[in-house]
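Asks: These protein sequence lines map, in sequence, to chains W and F. Each residue of the first sequence is one higher than the one before, starting from 1 at the first, in my numbering. Each residue of the second sequence is one higher than the one before, starting from 412 at the first, in my numbering.
Hints are not guaranteed to be accurate.
Partial chain W-side listing against chain F, Cβ under 8 Å, derived [what the hints assert, rightly or not]:
(1) Val223
(2) Phe226
(3) Glu227
(4) Val230
(5) Leu231
(6) Leu235
(7) Leu238
(8) Tyr242
(9) Lys257
(10) Arg260
(11) Ile261
(12) Val264
(13) Tyr267
Counterexamples of contact, computed for chain F against chain W with all Cβ distances above 10 Å [said to hold, decoys possible]:
(14) Ser421
(15) Arg432
(16) Leu477
(17) Arg525
(18) Arg561
(19) Met623
Don't read these hints as lab results, they were simulated from the structure. Even for Gly, the Cβ is constructed at its ideal location relative to N, Cα and C.
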Amino acid sequence: MKYMIFCHNGWGDFSYKRMLKLLPDRDEVLVVGEVMEKDEQDYDVCSISLTNMLSLDLTEYTTIVCSPYWLKSVNSLHPRYMIALLERCPDDEDAEMWNKYSELLAAQADIVGTASERIYLEQCLRREGIFLLSGESPLTYGMVNHRHDTLFLNDYEMIWFEALSSMNKGERFEQWTSVQWEIRCKYYVDLVATYPFHATISYLAATYLYLLGRSSDAGMYLVNSFEQMVLHDYLDCLESHYRFLSSMAAQVGDLEKAIRIYAVSVYSEADQMKVIEMRDWLEHGKDDLVKAEIFRLNEDYASAIRTLKPLNTSESKSLLRDNYVQTYRYEDVLRLTEEGSLSHEKDSEISLVDSLLIRGTIHMLHNRPYEAVTAILTATTVELSALRWLSEMSSYEESAERMLRSIAYES
Amino acid sequence: MNHKPIRKTSGNRLTAMLQVRNEANRYLESVLHDLSEFVDEIVIIDDASTDGTFELCQSFAKVTRLIKLEKSEFNHEWQLRQRLWDLAISTDPDWLLAVDADEFYEDLAKLHMRDLINQDQYDWVGFRIYDFWGGLTHYREDELWVIHQRHTRLLVRYLPDFYYFYPRMDHHVPRLPLSYAVLPGFQAELRVKHYGWAVSKEERYEKYLRYMSSDPNGEWGSLEQYQSILDEYPTVIEWKEDPL
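Kindly produce the complete structure, drawing on both the sequences and the hints.
Replies: Okay, here's the thing in structure tokens:
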């Protein structure tokens, strides 16, 4: 298997060097940009310049992309697989843009890894195929031989290795997600026993139990976390903690309770209308819509999408599209829009602008600037504020070019 | 399915909740008279009184739930609070008012009570409590006696599916579940007269001894404040009623 690494600010910035030795079915590993000779030997990688990289047939390569600013370049090369390694926004980058395009990167990648547990958990609630590349376990879970080295793997390395191996074989790798949740869950549940009054630890235990579908156990940890937050005067936890209980109620199928719990946390007229709408759905037997909407309102888009996908009504597709928009699955948004089966005239009116902006973004990320600008300008004829997307695109292009220039200069 | 809105803007029922102990010869009768004017129900836990408190409570028509404990739980206050809370919510209230047996709402507060509860924007109301000292004309105000300078949460909306808890402390437990702190509230410029210290010097001394005996190391409250109960010349300010 051939791999090509696209670091954010060059090789020096790449924080997963050891992981390169663990790449399964490893054949050739190229790094775009300069790599010190010693590192080339130590990590068995070869540096390649931008120009030379462009002359290769990347359909044979699995790309490892560490920056959202590479997305446009990598897309146009049509790699075999795309692995996204998500990082927190560097201090010198615009956080809003970095985060948005990191989401787009994650949405397009075949598999996503990150060393940040915060990013990991956020992504677990947004999509599938997410792996944590850090951990605390001192135990060895397996080993890999690389040239003359024998590498002992810890839990997350073993999981990452197995998931990548499955991906390379074209097999499903979701089972490794659950294995990792089990390990993280046990870690935090054990930690709660040691630190019963720590709000964050209890919250994390509750989150992993929830991800594992064990809401009946998770509630206790969440409630404990909520109590500790309040006792320590962290009072901004109505939505983050209390409302999460509504998702748990939805997960165990108690939708009436889920709505009631959600209703406690809403005050605005729009949110109250949402409660009325969900009650109406429930009364008309549209349980899956309620379930999905409760998940979405708790930012668990992954569960919402899983719930909505098998449904085939215009309402369900409209909700599904909203979830795709939230998770930057833009190709899926357009596919649903083109199917033309979405409900509500008003909704369609809004979606015309949305669709054009989304279409423009996709064109831009696939290096079709003319089509991108045309789509955005068409959107501005309906809604003038769409113009700001042009400036956003231009900022993205500038950031990407700045990164490319720094890599080109290095090499 | 229950379509009752979770927050109503009209027709809210108000239940007052009190825990009492040996209050028969103090202000309890007046308090119950007063409450009967503006609440819909009164719920009381009698913490093992040995005087006629229980019978006094029974004589008020609006007292719809009344339990007398065999053994006092004064030294396990959070349990007592929890017990009262459970009893109060058994009346299926819309709002709950936590009252002490020696507290009186000023007329303006009583006048606005229905406005305070018939809305859907906030779930609790804070009032200013004034500690009357040595009589019914003046309240105390010095560096240790400033409770009226902040708001105390006394009136809350009951939301059946919300998670309620009290801190598990033996003393100085808040009257209402702490979890209300995360919900939006309204700090009303309305006053509550607390007559607990509007007693004779001898009775204050007895209260001092009681505090020192139940919390000798100042674990639950301030020893300095306990000591200040004995101050010979505290600063007091004359109470003035607000015009209606």
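Asks: Evaluate each hint against the coordinates.
Replies: Here's how the hints hold up against the structure:
1. Interface hint at Val223 (chain W): satisfied, since its Cβ lies 6 Å from the closest Cβ of chain F, which is below the 8 Å cut-off.
2. Hint on Phe226 (chain W) holds. Least Cβ distance to chain F is approximately 6 Å, under the 8 Å limit.
3. Proximity of Glu227 (chain W) to chain F holds as hinted, the smallest CB-CB distance being about 5 Å (cut-off 8 Å).
4. A least Cβ separation of about 5 Å between Val230 (chain W) and chain F falls short of the 8 Å threshold, and the interface hint therefore holds.
5. A hinted interface residue such as Leu231 (chain W) counts as satisfied when its beta carbon comes closer than 8 Å to some beta carbon of chain F; here the least separation is about 6 Å, so the hint holds.
6. At its closest, the beta carbon of Leu235 (chain W) sits 5 Å from a beta carbon of chain F; the interface hint therefore holds under the 8 Å criterion.
7. Taking 8 Å as the C-beta cut-off, the interface hint given for Leu238 (chain W) holds, the closest approach to chain F being about 5 Å.
8. The criterion of a C-beta within 8 Å of any C-beta in chain F is met by Tyr242 (chain W), whose closest approach is roughly 6 Å, and the hint holds.
9. Hint on Lys257 (chain W) holds. Least Cβ distance to chain F is approximately 7 Å, under the 8 Å limit.
10. Hint status for Arg260 (chain W): holds, given a least beta-carbon distance of 4 Å to chain F, under 8 Å.
11. Taken as an interface hint, Ile261 (chain W) checks out: its beta carbon lies about 5 Å from the nearest beta carbon of chain F, inside 8 Å.
12. Here the hint on Val264 (chain W) is kept, as its CB sits about 5 Å from the closest CB of chain F, short of 8 Å.
13. Nearest Cβ of chain F to the Cβ of Tyr267 (chain W): about 7 Å, under the 8 Å cut. The hint holds.
14. With a least beta-carbon separation of about 16 Å from chain W, Ser421 (chain F) lies farther than 10 Å from that chain, consistent with its non-interface assignment.
15. With a cut of 10 Å on Cβ distances, Arg432 (chain F) stays outside the contact zone with chain W, its closest approach being about 27 Å.
16. The beta carbon of Leu477 (chain F) sits about 30 Å from the closest Cβ of chain W, which is more than 10 Å, so the claim that it is off the interface holds.
17. With a least beta-carbon separation of about 21 Å from chain W, Arg525 (chain F) lies farther than 10 Å from that chain, consistent with its non-interface assignment.
18. The non-interface label for Arg561 (chain F) is consistent with chain W: the shortest C-beta to C-beta separation is roughly 14 Å, beyond 10 Å.
19. At roughly 27 Å from the closest C-beta of chain W, the C-beta of Met623 (chain F) stays outside 10 Å, upholding its exclusion from the interface.
Every hint, counting from the list given before, is met by this structure.
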